[in-house]
Amino acid sequence: MTTLVIENVARKYGKLEVVRGVSMNIEAGERVALLGHNGAGKTTLMRMILGLTPITSGSIKVLGFNPGSRHARASIGFLPESVAFHGALSGREQLHHFARLKSVKTKKADDLLDRVGLSDAADRKIRTYSKGMRQRIGLAQVLLGHPKLALLDEPTSGLDPISRHDFYDIVEELANSGTAVLLSSHALTELETRTDRIAIMSKGRLLANDTLPALRETAGLPIRVNVTTTEADADRIAAELGGTRVNGCMIALTCQQNGKIAMLGQIAALGAAIKDVDVTPANLEELYRFYSVSTEGA
Amino acid sequence: MAIFTIARLELLIARRNMWVAISVILMGLFTIVLTLAGGSPTGTLGVDPLTVAITSITTLSVYLIPLIGLLLSFDAIVGESERGTLALNLTYPMSRGEILMGKFLAHLSVLAIAIAVGLGLTAILTIWQYGMADLSFLPLLKLFVTSLALGAAFLGIGYLVSTLVRQTGAASGIVIIIWLVCVVLYDLALLGALVADNGGTFTKNVFPWLLVANPADAFRLINTPGVSVAELSYGISAANAASGFASQIISLLLWPILALFFAWMAFRRVEP
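Top line first, the protein sequences correspond to chains A and B.
Under this note's numbering, the first residue of the first sequence is numbered 1, with each subsequent residue one higher.
Under this note's numbering, the first residue of the second sequence is numbered 299, with each subsequent residue one higher.
Since the hints were made in silico from the structure, they are not lab data.
Heads up, a few of these hints could be off.
Straight line, CA to CA, 20 Å or less: simulated SDA-like cross-link-like pairs of lysine to any residue [as the list claims (entries may be wrong)]: (1) A:125 with B:317; (2) A:105 with B:301; (3) A:12 with A:203; (4) A:107 with B:299; (5) A:105 with B:391; (6) A:105 with B:299; (7) A:148 with B:387; (8) A:125 with B:310; (9) A:12 with B:570; (10) A:107 with B:300; (11) A:125 with B:314; (12) A:105 with B:306; (13) A:131 with B:380; (14) A:125 with B:383; (15) A:105 with B:302.
Make the full structure from the sequences, and use the hints.
Written as structure tokens, this is what we have:
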């Protein structure tokens, strides 16, 4: 069964439509990144999946159950944006509380504190925690009881680069064990390699929802090819390949996906004059800009 | 059970925030002072020394217990909403009714501990001063149970306020106003009306019911022993006779139930 089914969902506040006709599915074990500007409707969509915000029209099913129903809630792990806890409690007390609510043994909560790297600080009051540490407690409570669906709203904000890496490792483990993951983030570069699918929202609409290669193909953004050559040959080769000389020995070229192999053949044919070749497809930032700008005003 | 899990956490928080200690110390201090001071003027000739103490403690409890109840509860929902913990809590598999009942159970326990310590000290001090003979502990038990009911009513009112406002500051202001009205201004207004009416229809037919409609006054009427009624104003004794014990008990029971019910209704509409 598809873990999350969203069909033509809309949310209105008076006349303001914050989410408009969004449809998407997430299968078990799939990691989907939800991108969008602030105010694009990402958080509202997550809140509708959780049953915190009523749906104006359309439908959402979590493992076949309505959002907010006890079954749906029991299958979801949620990490809110800027997660907060009562400062008077220790990390361990807070996590034990969540474990009891999810009918999970408190021993499991202790293991999770270890897993997110908080075992040393577990008995300190949460008010003494850094934002990153609170985020880890937040992540640990998501993992309690093996959720079927994990909703992570800006999960890596406040985490240092190493912690972010660890965080995505945990998300990967979660997905490998069959959890469907929907996560929103502004840190685009880290999502490229750590998610299976990208969904882009702008002004309440879902503008794109596909794998990174498929998004590249649809966008048709040029591929950048950087050729390093010897200084003496640079001008000649630049003219021959139709590129521009960037600095002493670098030539910048662009091509479309279907012309990539032909161009590489052409470069290879130049033989010893070529020192190195770098091929860079459009990155997520460019794709994001493409999809959100090309439909701006729509 | 989600209710007990929540109650357990709330009790832990109340302990950490010193609410348990503050409530116990407040009730303990005041009851000690009133028990010792209350006994001195009656000496050995007066009525049952416990009755004297209970009368004094009742007068104090009318002010103190609603205050503690409101202070424990005003922050319950709006505080979580402001801290940002409410949204996450509401995604856990438990109903809003369970959350509210869990908090209620914890806060009622804090009140119960504070009242039990206060009245326990009263009993110990009275026995220590006068011995066990001639003491009737039933009024003490009645005072304990009705104090809890009074506290529960104001806990419910506090939750209701907490679900209806968006800022903790506003909630604290509103509960202080509610406290002032219920325990001070309401009685003053009734007194004014009594004086103006000068023994007319209002005094005989309306006043007793208005008095008993306020849980603080119902509590006062239940715990004011018959022997001291004569010392009180004509109005109060008339009210005691007119409204009767049953309606006082109903008022004290209905208030917590209704306040909690409305708090639950309001909480169900809260979008975190």
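Outcome of the hint check:
no. : hint             : result
1   : A:125 with B:317 : holds, 18 Å
2   : A:105 with B:301 : holds, 17 Å
3   : A:12 with A:203  : holds, 12 Å
4   : A:107 with B:299 : holds, 18 Å
5   : A:105 with B:391 : holds, 16 Å
6   : A:105 with B:299 : holds, 14 Å
7   : A:148 with B:387 : holds, 18 Å
8   : A:125 with B:310 : holds, 13 Å
9   : A:12 with B:570  : holds, 16 Å
10  : A:107 with B:300 : holds, 19 Å
11  : A:125 with B:314 : holds, 11 Å
12  : A:105 with B:306 : holds, 16 Å
13  : A:131 with B:380 : holds, 17 Å
14  : A:125 with B:383 : holds, 16 Å
15  : A:105 with B:302 : holds, 16 Å
Checked against the numbered hints above, the structure breaks none of them.
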